[in-house]
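> So the sequence lines, in the order shown, correspond to chains H and Y.
Counting the first sequence from 1 gives a position; the working numbering is that position plus 49.
Counting the second sequence from 1 gives a position; the working numbering is that position plus 49.
Hints listed in this document are in silico derivations from the structure and should not be mistaken for laboratory results.
Mixed in with the good hints there might be a few duds.
Just so you know, same-sequence chains aren't split out, so a pair can sit in one copy or run between any two.
Stated by the list, open to error - The calculated DSBU-like cross-link candidates involving lysine-lysine, where the alpha carbons are at most 30 Å apart (straight line), are:
hint	residue 1	residue 2
1	Lys177	Lys113
2	Lys113	Lys245
3	Lys245	Lys93
4	Lys251	Lys113
5	Lys122	Lys177
6	Lys177	Lys261
7	Lys122	Lys215
8	Lys213	Lys113
9	Lys93	Lys213
10	Lys93	Lys113
11	Lys261	Lys113
12	Lys213	Lys245
Number of protein chains: 2
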Amino acid sequence: MGGDHGPSVVVPAAVRALATLPESVSFLLHGDEATITAALAHHKGAAGRIEIRHAERVIAMDEKPAQALRRGKGTSMWNTVEAVREGQATAAVSAGNTGALWTISRLILRMVGDLERPALVTTMPTLKGVTTFLDVGANVDCDAERLVEFAIMGEAFHRAAHGKAKPTVGLLNVGSEDMKGHEEVREAHRILREGKLPIDYKGFVEGDDITKGVVDVVVTDGFTGNVALKSMEGALRFITTELRSALSGGVLANVGAILARPALRRFRDRLSPPPAAPLLGLNGIVVKCHGGATERDFAQSIQVAVDLARSDFAAEIERNMRRLPAALAEAPAADPAVDEAATQGAQE
Amino acid sequence: MGGDHGPSVVVPAAVRALATLPESVSFLLHGDEATITAALAHHKGAAGRIEIRHAERVIAMDEKPAQALRRGKGTSMWNTVEAVREGQATAAVSAGNTGALWTISRLILRMVGDLERPALVTTMPTLKGVTTFLDVGANVDCDAERLVEFAIMGEAFHRAAHGKAKPTVGLLNVGSEDMKGHEEVREAHRILREGKLPIDYKGFVEGDDITKGVVDVVVTDGFTGNVALKSMEGALRFITTELRSALSGGVLANVGAILARPALRRFRDRLSPPPAAPLLGLNGIVVKCHGGATERDFAQSIQVAVDLARSDFAAEIERNMRRLPAALAEAPAADPAVDEAATQGAQE
């Protein structure tokens with residue numbers, strides 16, 4: 050029922066996804082039975098693999114998370130997540146209210162191990178392919194251990210979602226030397242380097258390395274990640290606007306712009322953010338599809354959920370989380386001399 | 050002597066700057082006398098306004114700041130900054146080693162008030178004009194008071210460099226509500242809002258507001274600022290590369306690209322970062338010009354230094370710094386309930 054378009058997008062997206070997914074995949078559609086039945090009327094063929102679960106109520110797109118939590122029980126979103134907890138579904142996909150989905154998922158599914166909050170992860174296009182980037186806003190204050198948890202979750206996610214056997218991982222910092230950055234990031238660096246976790250950790254990366262594609266997974270705290278992501282989105286919007294005005298600056302430029310239009314359209318497609326963002330660290334798979342999703346976007350989010358469900362993703366995260374205490378013990382304590390040098394700041 | 054090209058760029062840049070600067074402006078050129086004299090040979094007219102100060106030694110572009118500090122005395126960079134301290138010069142401009150300039154300036158000129166380190170400030174092109182953005186890397190750990198100091202310095206700089214009588218100021222955060230973000234940023238927000246500093250403070254801004262030009266001055270800690278700046282630079286490079294490949298994807302697109310070329314060149318010019326970055330918070334004006342500077346870039350950096358020198362910039366910073374203790378007392382203490390809510394993170 051969620052997203053800007055509700056069942057008119059979600060139902061045909063589910064039908065579209067079924068066409069390419071293995072026979073073993075089927076859907077529970079939670080929401081208003083009459084509306085969903087009507088939307089399904091045109092797709093008789095899919096009936097055997099789609100089951101409707103009626104829900105009386107819906108969480109509004111602008112509802113505050115706290116309110117969604119109070120009155121959430123029995124809504125389509127609540128039931129969707131609860132079906133995962135009860136083992137009726139392997140993964141949940143929603144285009145509904147992000148804050149509500151985050152809060153309800155955390156309450157119903159609970160976090161893996163000592164994790165406190167689901168991380169928001171995004172997939173960035175890069176010069177070499179795609180990079181997984183997290184946390185982009187859920188966890189504003191992060192100690193070293195939290196950053197290492199993000200590395201564990203991001204690595205497992207990248208393997209499951211992008212099919213790379215051994216993704217490389219980098220920690221976002223203001224320079225590449227060991228002594229750069231604040232204490233949390235240097236401590237996480239030590240744990241990842243010395244802690245013998247089965248992760249291909251490449252060390253510190255800088256802001257411009259995200260789009261260079263230097264590593265497969267870029268890890269940072271939710272404050273820095275959110276600011277970096279939005280800064281890049283802003284830069285993109287700025288450039289698109291400037292480009293449009295540069296290309297309308299005269300007759301020749303105009304003709305040029307018209308001729309270049311198809312190429313520019315492909316360019317824009319390549320830059321548009323992927324529609325699906327999983328909530329990482331939950332005991333269960335929850336994929337958030339953006340609210341303005343088209344049929345194609347929602348079908349793609351379903352595909353991400355299926356990829357995660359068919360991978361060893363959750364078990365890998367749990368296994369590596371169990372190794373974390375040993376990794377923490379393994380990593381040598383901070384060297385005060387290095388700490389002192391680091392307080393000199395980034396003087397590049 | 051600094052930068053990738055040394056006197057072959059700096060000397061003609063100084064001559065070029067003299068042509069547009071008032072008669073009262075003159076230069077001390079610190080460095081190897083023979084080299085500078087040779088470079089000046091083609092510019093007889095400028096001789097009366099340029100004085101050569103011979104320096105035996107030069108700080109290398111790849112020298113570590115600590116080493117530069119130890120063996121810096123008597124180098125052209127050291128003498129340039131010392132001339133400011135001694136009142137022989139009003140401002141210093143260098144295209145040399147950034148870390149060395151930062152460290153030497155801090156040692157020789159010392160910081161204003163209780164400031165600990167010079168802030169690195171950059172000027173971003175925006176949809177509305179330009180935005181001053183700081184700190185972009187010098188101060189990795191920042192408490193609330195440091196962030197307020199950046200606001201004071203950035204505001205005075207923006208007025209001096211960009212001629213706006215009352216620049217607006219925003220604090221970078223992951224959302225615009227009071228309860229968003231970590232403790233330091235929320236405390237700085239309270240001080241700027243309630244502390245009665247003579248600053249037009251507009252509240253929190255987000256990453257994409259930098260290039261939107263929502264405020265004239267965007268304030269953040271050196272870690273976040275460095276990551277955001279480099280992320281935007283990376284996004285720009287990514288987009289330029291993608292665009293080039295999109296525009297070479299076929300005969301029509303190619304013709305389009307050729308016709309659009311002058312417009313695209315103007316676009317690239319608009320996006321190239323400004324060559325001059327002042328070190329803010331020193332008892333004296335020091336402007337860093339980027340190492341790869343052209344003659345035009347260095348002349349522009351000289352212009353920035355002159356603008357700062359002719360403004361009330363330093364006195365304004367000092368006045369507002371003196372008001373800071375009262376502002377800190379004025380701002381009410383943090384509300385624990387709000388703190389609690391904030392730990393829920395950015396769940397947008």
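> Please write out, lowest number first, the hints stated earlier that are contradicted by the structure.
Hints 1, 2, 3, 5, 7, 8, 9 and 10 not satisfied by this model.
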